[in-house]
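Trainee: Sequence:
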Amino acid sequence: MRRDSRLSRMLHVLIHMDRFGGAMTSDMIARMLDTNPVVVRRTMAGLRDAGYVRSEKGHGGGWVIIRRLSEITFLDIHNALGNPSIFAMGVAVEHPECLVEQAVNAALGSSFDAAEQLLLERFASVTLADLASDVDQRWPTEPDGKWTGPGSIFEHLPKSKDSE
Numbered sequence: 083m084r085r086d087s088r089l090s091r092m093l094h095v096l097i098h099m100d101r102f103g104g105a106m107t108s109d110m111i112a113r114m115l116d117t118n119p120v121v122v123r124r125t126m127a128g129l130r131d132a133g134y135v136r137s138e139k140g141h142g143g144g145w146v147i148i149r150r151l152s153e154i155t156f157l158d159i160h161n162a163l164g165n166p167s168i169f170a171m172g173v174a175v176e177h178p179e180c181l182v183e184q185a186v187n188a189a190l191g192s193s194f195d196a197a198e199q200l201l202l203e204r205f206a207s208v209t210l211a212d213l214a215s216d217v218d219q220r221w222p223t224e225p226d227g228k229w230t231g232p233g234s235i236f237e238h239l240p241k242s243k244d245s246e
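Residue 89 in our numbering sits at position 7 of the sequence shown, and the numbers go up by one each step.
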């Protein structure tokens with residue numbers, strides 16, 4: 083079973099977008115995530131509709147983050163992605179008349195619900211600014227806040243107009 087990694091990937095993208103300081107094309111983001119630009123556009127559309135990014139057309143255009151990182155929580159992005167299921171596990175439904183299956187499903191269902199509620203509360207309390215701060219402590223930066231060093235996406239992307 084494949085894991086839904088859209089939340090992780092979009093948090094990753096949004097932090098890079100903030101540090102990039104200019105528009106990032108779907109192609110740039112796709113290269114960063116090793117995916118297809120069509121997938122990027124489809125996923126970013128949810129973030130656009132929720133008011134976290136916008137797309138700029140024309141030369142030098144692309145996706146731009148339009149909210150401060152301190153104003154965006156993990157829960158906001160989770161919701162913008164359509165509230166994907168938190169757990170890959172679920173309950174069995176092969177024998178709904180079986181009393182054992184009913185008891186197992188009731189116990190698991192309430193446990194899953196409680197765990198999901200706790201996780202969503204945590205998502206609501208963590209902002210992208212918190213995440214960026216953690217990354218900044220791990221990564222050398224330029225005076226303008228852009229990252230440098232090995233592995234930086236900026237080594238592989240064209241410079242933005244602001245950095246020239």
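Some hints could be false.
Quick list of simulated restraints, FRET-style, between CB atoms [said to hold, decoys possible]:
hint	residue 1	residue 2	range
1	Lys139	Ser87	27 to 37 Å
2	Val208	Gly104	20 to 30 Å
3	Asp116	Leu200	41 to 51 Å
4	Gln199	Lys139	33 to 43 Å
5	Ala197	Gly164	13 to 23 Å
6	His141	Pro178	50 to 60 Å
7	Ala185	Lys139	34 to 44 Å
Read the hints as simulated data drawn from the structure, not as lab findings.
Ideal Cβ positions, reconstructed from N, Cα and C, are used throughout, including at glycine.
Trainee: None of the hints should be skipped; say for each whether it holds.
Mentor: Structure-based check of each hint:
1. Lys139 <-> Ser87: 27 to 37 Å: holds, 29 Å
2. Val208 <-> Gly104: 20 to 30 Å: Holds - the Cβ-Cβ distance for valine 208 and glycine 104, about 26 Å, lies within 20 to 30 Å.
3. Asp116 <-> Leu200: 41 to 51 Å: With Cβ atoms ~32 Å apart, the hint is violated.
4. Gln199 <-> Lys139: 33 to 43 Å: For glutamine 199 and lysine 139 the Cβ distance comes to about 41 Å; the hint holds.
5. Ala197 <-> Gly164: 13 to 23 Å: holds, 20 Å
6. His141 <-> Pro178: 50 to 60 Å: With a Cβ separation near 59 Å, histidine 141 and proline 178 satisfy 50 to 60 Å, so the hint holds.
7. Ala185 <-> Lys139: 34 to 44 Å: violated, 57 Å
The structure fails hints 3, 7 (numbered hints given earlier, in ascending order).
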